[in-house]
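Asker: If you read the sequence shown in the working numbering, its first letter stands for residue 159, the second for the next number, and so on.
Everything labelled a hint here was simulated from the structure, so no lab data went into it. Incorrect hints may have been included.
[Said to hold, decoys possible] Per label pair, the in silico range of CB-to-CB distance: (1) P294 x V347: 58 to 68 Å; (2) Q251 x V278: 14 to 24 Å; (3) N405 x G277: 47 to 57 Å; (4) G415 x P366: 37 to 47 Å; (5) N404 x A325: 25 to 35 Å; (6) W318 x G260: 38 to 48 Å; (7) K237 x I391: 28 to 38 Å.
Each residue gets a CB set at the ideal place from its N, CA and C atoms; glycine is no exception.
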Amino acid sequence: MNESGHRRLAAAKDARELLVGKAMRFEIVDQLHTDGYTDMVYCNASVYSVLDVTLPAPSGQYMPMRYSLQLKKLRNLRKMTQSALAEAVGVEQPTIQRWESGARTPDMADILRLAAALGVEPGELFAEGPLVALGPRLYVKGVVAAGVWKEVWEYEPDEWEVFTGRADVAAPVRDRFGLRVEGDSMDIVYPHGTIVECVAYWGEAAIPNGKRVVVQRRRVSQDFETTVKEYRIDGDGREWLIPRSNNPAFQRPIEIGHDEDDIEEVRIIALVVGSYRPE
Numbered sequence: 159m160n161e162s163g164h165r166r167l168a169a170a171k172d173a174r175e176l177l178v179g180k181a182m183r184f185e186i187v188d189q190l191h192t193d194g195y196t197d198m199v200y201c202n203a204s205v206y207s208v209l210d211v212t213l214p215a216p217s218g219q220y221m222p223m224r225y226s227l228q229l230k231k232l233r234n235l236r237k238m239t240q241s242a243l244a245e246a247v248g249v250e251q252p253t254i255q256r257w258e259s260g261a262r263t264p265d266m267a268d269i270l271r272l273a274a275a276l277g278v279e280p281g282e283l284f285a286e287g288p289l290v291a292l293g294p295r296l297y298v299k300g301v302v303a304a305g306v307w308k309e310v311w312e313y314e315p316d317e318w319e320v321f322t323g324r325a326d327v328a329a330p331v332r333d334r335f336g337l338r339v340e341g342d343s344m345d346i347v348y349p350h351g352t353i354v355e356c357v358a359y360w361g362e363a364a365i366p367n368g369k370r371v372v373v374q375r376r377r378v379s380q381d382f383e384t385t386v387k388e389y390r391i392d393g394d395g396r397e398w399l400i401p402r403s404n405n406p407a408f409q410r411p412i413e414i415g416h417d418e419d420d421i422e423e424v425r426i427i428a429l430v431v432g433s434y435r436p437e
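Construct the complete structure from the given sequences, taking the supplied hints into account.
Answerer: This is how it looks when you write it as structure tokens:
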């Protein structure tokens, strides 16, 4: 990598630390590499659009989009003159004027000082409305039965579908995945075709009553089958898998641990933390 490339990588690292280190309501959710530059991708809650904040060009300038109109709007809402804002930020009044006209762009340090002076988070200088974090990129790795137990449930990696997971789930991305629901034993909450977002369960914490879970059972033949159900534990400590179905054929609860001749093990392998219904 040439010297210019190293400078851009260093600038990207510095910018990420500045942004993430300020405990904002947004985060870097993806990085698009085009023409040697890196764009940080955010989502704007009010207009459901994507906002690209471009990292330094060779000139060293940061070039956030649409910041100039928002800067002027926020200043006017605070009833601050350009001179007052300039004093708070530590620049001259003509600099504020140039930023608001779009003739010049502030660097990242200036953006942070502007946000502090205006009493907003830095992301609010770039677009109207609060910014909310997009979650990580996850993959639909297979299907899960909501009806009869299903034997083959994992797709080949080249068949995985991409979707965006919840931003507020603290589990490591490596433990998160999606499954497509097949069948109607959970159609009250997960109609056929719904994508359920799952977090792998390793048995380290108690499962809350009413939590929807992915269950796997192993037959004596070592065949594995999976299903999705609602987890319940009764007053006697017995664990149940509850269907949530409009179909009378799938309304009988299943007791976990109830002996069946050809079943060696039944265990919960994942917790459902979200769902998405494709159009």
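Asker: Give a verdict on every hint.
Answerer: Comparing the hints with the structure gives:
no., hint, verdict
1, P294 x V347: 58 to 68 Å, "violated, 24 Å"
2, Q251 x V278: 14 to 24 Å, "holds, 20 Å"
3, N405 x G277: 47 to 57 Å, "holds, 55 Å"
4, G415 x P366: 37 to 47 Å, "violated, 19 Å"
5, N404 x A325: 25 to 35 Å, "holds, 32 Å"
6, W318 x G260: 38 to 48 Å, "holds, 42 Å"
7, K237 x I391: 28 to 38 Å, "violated, 58 Å"
Of the numbered hints listed earlier, those contradicted by the structure are 1, 4 and 7.
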